[in-house]
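Undergrad: Here is how the chains run, residue by residue.
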Amino acid sequence: MSSATPLTQATTAASPDRDLHTISLFVRDAPGVLVRVAMVFSRRGYNIESLVVSPAARAGFSRMTVTCSGDPSILEQMIKQLAKLVDVVHAIDHTTSDRFETEIALIKVRCEGDSRRDVLEIAEHFNAKVVDYAAESLILRVYGGSEKLDAMIALFEEESVVELVRSGKIVMTRALEMT
Amino acid sequence: MDNRVTTGAEKLIQCLEREGVEYIFGYSGGAAMPIFDALVDSDIKLILVRHEQGAAHMADGYARATGKPGVVLVTSGPGATNTVTGLLTSQMDSVPVVVLTGQTISPMLGKDGFQEADVTGITYAVVKHSYLLKDAADIPKATREAFHIATTGRPGAVLIDLPKDVTQGPCEAPFVDEVDLPGYTVPTHGDPEAIRQAAETLMAAKRPVLYVGHGAVISNAGKAVIRLAEKLRAPIVNTLLGKGAADETHPLHLGMLGMHGTAYANKAVDGCDCIMAIGARWDDRITGKLDEFCLGATKIHIDIDPAEFGKMVTADVAIAGDARLVLEELIPQISAGDTEEWLQSCEGWRKKYPLKYAKQGGLRAQHVLDRLHHTTGGDAIITTDVGQHQMWAAQFCLSTTNRHWISSGGAGTMGFGFPAAIGAQLGCPDKKVWAVCGDGGFQMTQAELATASIHKLPTKCLIINNNFLGMVRQWQELFFENRLSGVDLVGNPDFVKLAQAYGVKALRIRRPSDVDRILAEAHAYDEGPCVVVAEVVKEDNVFPMIPAGAPLSGMIIEKPKEQLAKPTGST
Numbered sequence: 005m006s007s008a009t010p011l012t013q014a015t016t017a018a019s020p021d022r023d024l025h026t027i028s029l030f031v032r033d034a035p036g037v038l039v040r041v042a043m044v045f046s047r048r049g050y051n052i053e054s055l056v057v058s059p060a061a062r063a064g065f066s067r068m069t070v071t072c073s074g075d076p077s078i079l080e081q082m083i084k085q086l087a088k089l090v091d092v093v094h095a096i097d098h099t100t101s102d103r104f105e106t107e108i109a110l111i112k113v114r115c116e117g118d119s120r121r122d123v124l125e126i127a128e129h130f131n132a133k134v135v136d137y138a139a140e141s142l143i144l145r146v147y148g149g150s151e152k153l154d155a156m157i158a159l160f161e162e163e164s165v166v167e168l169v170r171s172g173k174i175v176m177t178r179a180l181e182m183t
Numbered sequence: 045m046d047n048r049v050t051t052g053a054e055k056l057i058q059c060l061e062r063e064g065v066e067y068i069f070g071y072s073g074g075a076a077m078p079i080f081d082a083l084v085d086s087d088i089k090l091i092l093v094r095h096e097q098g099a100a101h102m103a104d105g106y107a108r109a110t111g112k113p114g115v116v117l118v119t120s121g122p123g124a125t126n127t128v129t130g131l132l133t134s135q136m137d138s139v140p141v142v143v144l145t146g147q148t149i150s151p152m153l154g155k156d157g158f159q160e161a162d163v164t165g166i167t168y169a170v171v172k173h174s175y176l177l178k179d180a181a182d183i184p185k186a187t188r189e190a191f192h193i194a195t196t197g198r199p200g201a202v203l204i205d206l207p208k209d210v211t212q213g214p215c216e217a218p219f220v221d222e223v224d225l226p227g228y229t230v231p232t233h234g235d236p237e238a239i240r241q242a243a244e245t246l247m248a249a250k251r252p253v254l255y256v257g258h259g260a261v262i263s264n265a266g267k268a269v270i271r272l273a274e275k276l277r278a279p280i281v282n283t284l285l286g287k288g289a290a291d292e293t294h295p296l297h298l299g300m301l302g303m304h305g306t307a308y309a310n311k312a313v314d315g316c317d318c319i320m321a322i323g324a325r326w327d328d329r330i331t332g333k334l335d336e337f338c339l340g341a342t343k344i345h346i347d348i349d350p351a352e353f354g355k356m357v358t359a360d361v362a363i364a365g366d367a368r369l370v371l372e373e374l375i376p377q378i379s380a381g382d383t384e385e386w387l388q389s390c391e392g393w394r395k396k397y398p399l400k401y402a403k404q405g406g407l408r409a410q411h412v413l414d415r416l417h418h419t420t421g422g423d424a425i426i427t428t429d430v431g432q433h434q435m436w437a438a439q440f441c442l443s444t445t446n447r448h449w450i451s452s453g454g455a456g457t458m459g460f461g462f463p464a465a466i467g468a469q470l471g472c473p474d475k476k477v478w479a480v481c482g483d484g485g486f487q488m489t490q491a492e493l494a495t496a497s498i499h500k501l502p503t504k505c506l507i508i509n510n511n512f513l514g515m516v517r518q519w520q521e522l523f524f525e526n527r528l529s530g531v532d533l534v535g536n537p538d539f540v541k542l543a544q545a546y547g548v549k550a551l552r553i554r555r556p557s558d559v560d561r562i563l564a565e566a567h568a569y570d571e572g573p574c575v576v577v578a579e580v581v582k583e584d585n586v587f588p589m590i591p592a593g594a595p596l597s598g599m600i601i602e603k604p605k606e607q608l609a610k611p612t613g614s615t
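Sequence lines, in order, name chains A and B.
Numbering (this note's numbering) for the first sequence: 5 to 183.
Numbering (this note's numbering) for the second sequence: 45 to 615.
If you are wondering where the hints come from, they were derived from the structure by calculation, not from laboratory data.
Each hint can be trusted.
With a straight-line Cα cutoff of 20 Å, these simulated SDA-like cross-link-like pairs (lysine to any residue) come out:
#1 A:Lys88 x B:Ala351
#2 B:Lys185 x A:Phe65
#3 B:Lys178 x A:Ala34
#4 B:Lys267 x B:Arg277
#5 A:Lys88 x B:Ala169
Label-pair restraints from in silico Cβ distances:
#6 B:Lys603 x A:Ala42: 41 to 51 Å
#7 B:Leu153 x A:Ala42: 14 to 24 Å
#8 A:Asp122 x B:Asp335: 49 to 59 Å
#9 B:Asp224 x A:Arg47: 20 to 30 Å
Computed, partial: chain B to chain A, Cβ under 7 Å:
#10 Tyr168
#11 Gly227
#12 Ala351
Every residue, glycine too, gets a C-beta built ideally from N, C-alpha and C.
So here's chain A without its partners, still in its complex pose (with noise of 0.2 Å):
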C-alpha cells in the first residue's frame, strides 16, 4: 500500500469503506496456512488491502484480519471456500456486524523549523503520539479507525511524509459475539 493511494481516497471517509470487506479467520497455527488462505484471493486474481496474522487467545490458533475489495457475490463464495480450508476453524465477513475496528500507524514526517510546529498541531488533534523526535522528523503514532489515519495522512503534505506504516483493520464484534 503506498503512500499515495489512500491520501487522495482519504477524503471520502463517508462512502462505505468503498467497498472495503473485512474478514476474521479463525485459524490453526499451521505451517503454510497463510499461503492456503492468500490462495482462495490469488487464484482469481483478487488483491488484499490489509492483512493482520497474530496468535489467538487460545493455544494453537491463530486470528486473520483481511481486509479485501470485490463483487460480494464473488466475495461470499470466497468465504466459503476459506472456511472450506482443513486449517481454517472459521471465516466470516464482518463488513455489516456490530463490530468495533481499529488500525495503527506508523507516520515518518519530515519537518525543520516552522512546520514543526504544524506537524505537532495535527498530531496533537488527532492524538498521536511522537515516539522519535529527530533533527529533521519525527514519528508519530496513532490509532483509530482507518478513517481517522486516512484523515489525518491527508492533513500533512505528501512531500513531507517520508514512510507510513499501517498495521492494516483488526476488528473485533461487540457483547459476547464471536468474531
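Could you slot chain B onto chain A? The hints should help.
TA: Same frame as chain A, now just chain B:
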C-alpha cells in the same frame, strides 16, 4: 534386532498397514529410499510404474473403482512434480488419494539441494490438504489425518512431504486413532427443514428432472435416485462422472446431459420446471450459457461441499449433506406427481433424436464402442482417456453399476485412461476392465504397458486410432474454418507392434466386420493385458454438441452446413 529403534519410514509403513493399504503405486529415488527399504518387510504390494504420472493415475483408478484411497509413493524433486497432473485430476474429480513424496533432508530445505523442490508449495493449489513433516514424531498423526481428510466429506488428494532425515531417523511416537481437526467438519444428514422444502418443491413441479453427478457415485446413492425417480415419476439425467450411479438403462433414465450428452437429456433439462442436482456442481460443460440455463425452473442442490452453493447457480433449496442420506430422508415425503405428459414429451425426444452413426464409409469409433458395450454386457469397468473417444464411449457404453465408469472429467487429463484401468484392475481383480483411449492420450502414458505386462493383468486397452487429436480437429473444422493446427499425429507407432514389444497380446480391427470377433477374443483373454487397436476413419465428429458458452437450446444435432462462430465459453 528386537532392541532396534523403529525408523520414521517403518512407522509410516505400519501406519499405512493400519489404514488397510493393499497397494502402493510408486517409483523410487534417493530421498524416498528409507521408505522403499521399509516396504521390503511389509505385506503392502508395491506396483513399480514407469512414470510417476502413471502411478498417480493408477492410484486414482484404484480409488474410483473400489472407493478406497489410492496411495502413491515417489521421490523428491522431479519425482514429486511428475505427480502434479495426477493430483489435479483426483482433486478436481473428488477422488481420495494420498501421495507420499520423499524430500531432501530437512536442514537442506530451501537451499536448492539435489532433487529438492518446494513440493508443498508447488502442490497447494491441487490438494485438499498437505503436510511437510519435519519431525518423525508427527508421522502417525499426519498419516491418520491424511487418510481421514482424503476419504471423508468431499474426497480429495492429500500429500505428505517426507524429508529423508525424518524417515531415516527414529520414531517412537505411538499410533494415532482419533483425529482432532477443529477446522474440518463434514455434513452428513441434511437439514430436515431444507429437505421438507425440497420435497414440496419437487411435488409442485410439473416437469421435474433429477440431475445426478459424481457425488451420487461416491455416496452410493444410485438406488435411492431410482426410488425417487419412480416415486415422483421424474426423468433422470447424469453427468459424465455420474454415469453408473443410477442404472442408465432404466426406462426413466435419459443418459448423459451436457456438451456431448444425448439430445433428449438436454431437451429435458432445457424444458424442465424443476431441476434437482444430486451431488453435482453445475459445471460449465453442463449448463452452457449460465444466464440462460433452466430459466424459470426451480433449482434444488444437494452437495456435501457447501462451497458449491451459489458458485455457479444459486438454488432455491440447498441441502448440505451426503447425497444418499439426504435422498433417504426425502423419499418418504414424496408422493407421485402428475408428470405423465412430461414423461411422454421426454420419450418423444428420445424417439425423435436417437444417438446414431454412419454404418457406411469405413470403420467408425461409435460402431466399435457400441459393440464394446454389447461385448461386455455392460458388466465391465470402463475407463477412458480424454477426447472424442471419451464422449462416444460415454454415449454408447451405458453404465448400469456404480464405480464401473471411470473418466477424467474436471481436469480432462489425457494419459489418464490406461493407467487408471491398471489401478482399477488391481482393486477389482475379478472384474473385466477395459481402458478406452485415443491414439494421442494413450501415448502419454504408454510406458505403463510394462507395468500391466509384468503383473500379467488381464486389463484390456482399446485404442481408437484416427491418427488425429480428434476433438481439437473437430473444433478446428467447425469453428476455425478447418485450419488444422497441431492435431495431426503423423508418426504414430504401429500400436500392435508396440504392445508386442512389451510382451502384450495385441489385436487390430480394420473393418466393421472384424469388430465383434476381435472384441470377443480380447474380452475372453485373461492371461495378461490385451491391446486392441481400432483403425477408424480419420475425420469424424461427436454429436450432439453444445458449443462452449452457448445455451442448451443451441445444441447441434448434426454437422451444420455453414461455419459456426468461435465458442465464447471456456475451452
